[in-house]
Amino acid sequence: MTESAQTGQAMAAPAQITRRGRLSRAWRVLRKAPPTAWFGMIVIAIYLFAAIFAPLLAPYPETELVGGAFEPWGGAYILGTDQLGRDMLSRLIYGARNSVGIAVLTTVLSFVIGSALGLTAAIIRGWVDQVLSRAVDVLMSIPQLIFALVLLSIMGSSIINLVIIIAVLDSTRVFRLSRSVAQGVVVMDYVEAARLRGERLPWIMRREILPNIMAPLVAEFGLRFCFVFLTISALSFLGLGIQPPTADWGSMVRDNAALISYGDVTPLLPAGAIALLTVAMNFVVDWFLHKTSGLRE
Amino acid sequence: MNDNVKPGSTRTKGDLLLDIRNLEIEGESDEVWRPIVKGVDLTLKRGEVLGLIGESGAGKSTIGLAAMGYARGGCRISGGSVVFDGIDLLGASDEIRRKMRGSRIAYVAQSAAASFNPAHQLMPQTIEAELREGIRGHGDAVKDAVELYRRLRLPNPGEIGFRYPHQVSGGQLQRAMTAMAMTCRPDLIIFDEPTTALDVTTQVEVLAAIRDIVEQFHTAAIYITHDLAVVAQMADRIKVLRYGKSVEEAPTREMLASPREDYTKSLWSVRKLGKQEQAAGEPILQIKNVTAAYGNAVRVLNDVTVTVPRGRTVAVVGESGSGKSTLARVITGLLPPIEGQIIFNGEALPPALKERSQDTLRRIQMIYQMPDTALNPRQTVYEAIGRPIEFYRGLTGAKKEARISELMKLIEMDDSYVDRFPGELSGGQKQRICIARALAAEPELIICDEVTSALDQIVQEGILQLLMRLQRELNVSYLFITHDIATVRAISDEIVVMFQGRVVQQGPKTKVLSPPHPPYTELLLSSVPEMDPDWLTNLLARRKVQPEAMKAGDR
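In order, the protein sequences belong to chains P and F. As numbered in this note's numbering, residues 1 to 297 make up the first sequence, in order. As numbered in this note's numbering, residues 1001 to 1555 make up the second sequence, in order.
No lab work stands behind these hints, which were simulated from the structure alone. Any given hint could turn out to be false.
Some chain F residues judged to face chain P by a derived CB distance under 7 Å, without partners named [to be verified]:
hint : residue
1    : Thr1332
2    : Gln1358
3    : Leu1361
4    : Met1366
5    : Tyr1368
6    : Thr1373
7    : Ala1374
8    : Leu1375
9    : Asn1376
10   : Arg1378
Where chain F lies over chain P, by a calculated footprint (3+ residues, C-beta under 8 Å) [unchecked claim]:
hint : region
11   : 178 to 190
12   : 194 to 206
Ideal placement from N, C-alpha and C gives every residue a C-beta, glycine not left out.
With the rest of the complex left out, here is chain P (with noise of 0.2 Å):
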């Protein structure tokens, strides 16, 4: 027993420096990543921030009619009032949190089936990566913003059908990706390894293939993202994407796009709003991929 406790001891001490030595080593990376990253990174951080203190940093609820319809910029309300007379800068922070997190939801959705599907059949092979590979191809063939037009049409527009019918088609592209890049792991020795060793599928999906693929995953996931976020705001547009009264970029830039003819640059701004985070979510990624596969050397 002594000697189990101090073969504990013994571990906890090396274990600490590896991982002070790995938070260093981050901060190194980070402070040599160039400015566009730097960006990018800061303009993200600040749509978390305005996601998660949403109701904090906005001036009024996201819902109420607090004014007249179209009011000017300044005063009362720094950005105005919408068509029905809601504040344009509350909305346009409580879109950080719906278009968003949506967003992320729908993202993390598609990376779950994406991802399981495509590790299952780079694992098993034979006619389950067959079955489920054409399946792709079936759905990757039909138009995806049309797809999902008529898919919502068919079962109705809520939040829910919209995140599975979004993350179910974009599941397919990850499908592809982690196929083919697991399909190089596979063949690894320590996967043979854990196999002989008896291992069940998910344990080898999980622990053995999965942490060795991480990066060009966490690449996608970022450009997957903007897809995602572009699609939803594009559904919204058209109006069969977040339903009112929930403030949603995409629905705000339709609902007061009359004002643009009187030159007023408001619906400019949810507009605005998802092209930057587009941008900075494409500056990170380009870096992050510009890192991993530099350290791969």
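Once you've looked at the hints, dock chain F against the given chain P.
Same frame as chain P, now just chain F:
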């Protein structure tokens, strides 16, 4: 073939051809430049062959490339001078350097298969450099290439140039690459481990061909290898490198007879490891009349019968393609046999992996050739060794940690390594971790698939000694797959010789290793290079008298 030239010391040496002074090369990792080669001097006369030896990471290949004025990606030549035939290669323009490479200095890489373009036939690739340099016209170049193929003893020299790289064997491809290097009649050829990837039986052919052609054209060569016995056949002079520094340098015979430095002596002593053969007891594993194939293709194993006694080591030897590794896959259940039985501890094992119980899986463990791919790069040593303990024994927490610590002691490593990732360990340490992972399951049989062939000789010795000690202490049985006869001598009790999916010979070590041998065993054993510098010459002379001994391996 020129039979008049005697190999080795009788060659006439010309004036100074290559003069490298105080060469320093740095390599980049994590944006920090670290020295790889630290002030090495090297001189080479015309027609002289210099052997560069040392373990991996000693800077052999880097120096070889620097002799062409080249540093590979992530490296830079940071100091010193490289003067080739009066031309300062480091100061010269890219244009001049490019003209030198290929036409006056040539390079033969380790992996010919990776160096040929698979989309083109051998001939256009062989003569590409001389056409570019305008040395010969196309018709003459083809004629000359055929002549070189003939001198390198390639089969059908007239036609082989019109095959694609995948249509010829590895040994033939390596000779074709030597022909490619020779086409411009360079003054200097750099051979970077040209036979390391080849089987011993093929290696002899390639070594003889390279040696003859270098002598015939009076070409100077730098021969890079980690194999002492090989360098003893090829080089006039040997230079030993370690950690990017020169350890010692002497003419081959002098170096072999009396190495001065301790490090050199340790390199020499590795091959003297040996084991007292022990009589076989009750069998733990019996493979009975097993036949196996991949898909509907040719049978890779044909009626193979092998018995492994408990607590003993059975070495399975043979060249690549002989079915050694397939045998391992059949035993582990990865490849269910078409016919035959595997009896383990007196009970027939289910043929497929899925049908075997967890406890059966535990009793048979495997150690792989490449520790780099056998360990998950994203798992620490703790996770790698801890998992089988948890999986088979159900131990967690302090008990698991105690067991890990015990295993680390068994493999002679410190507890402080448990939090490291495989990338933070050396090749030998990684292989020790693989051994610990196998031991964690408390197996009765360990299948060792070429476990030392990816390691340096000194590290090999350590691993082999560890395996032997573990066998004495734990009475575990080994099925040891290898192509290296020195390893077989060192650790086995019994030997199984395989050739083209069949067992050619099997029996106790002393019996198999002492004559008379069946023809294939004879060929295999006689092809293993020895430290004697006259070995290759004598072997070739012997084989000329008894040509039938060659037939088994001549493909």
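Evaluated hints:
1. Thr1332: The hint holds - threonine 1332 of chain F has a Cβ within 7 Å of chain P, the shortest such distance being about 5 Å.
2. Gln1358: holds, 5 Å
3. Leu1361: holds, 4 Å
4. Met1366: holds, 6 Å
5. Tyr1368: Cβ of tyrosine 1368 of chain F sits 5 Å from chain P, so the hint holds.
6. Thr1373: holds, 5 Å
7. Ala1374: holds, 4 Å
8. Leu1375: holds, 6 Å
9. Asn1376: holds, 4 Å
10. Arg1378: Hint holds; arginine 1378 of chain F Cβ to chain P Cβ min 4 Å, cut 7 Å.
11. 178 to 190: holds (count 3)
12. 194 to 206: holds (count 5)
Hint violations for this structure: none, all hints satisfied.
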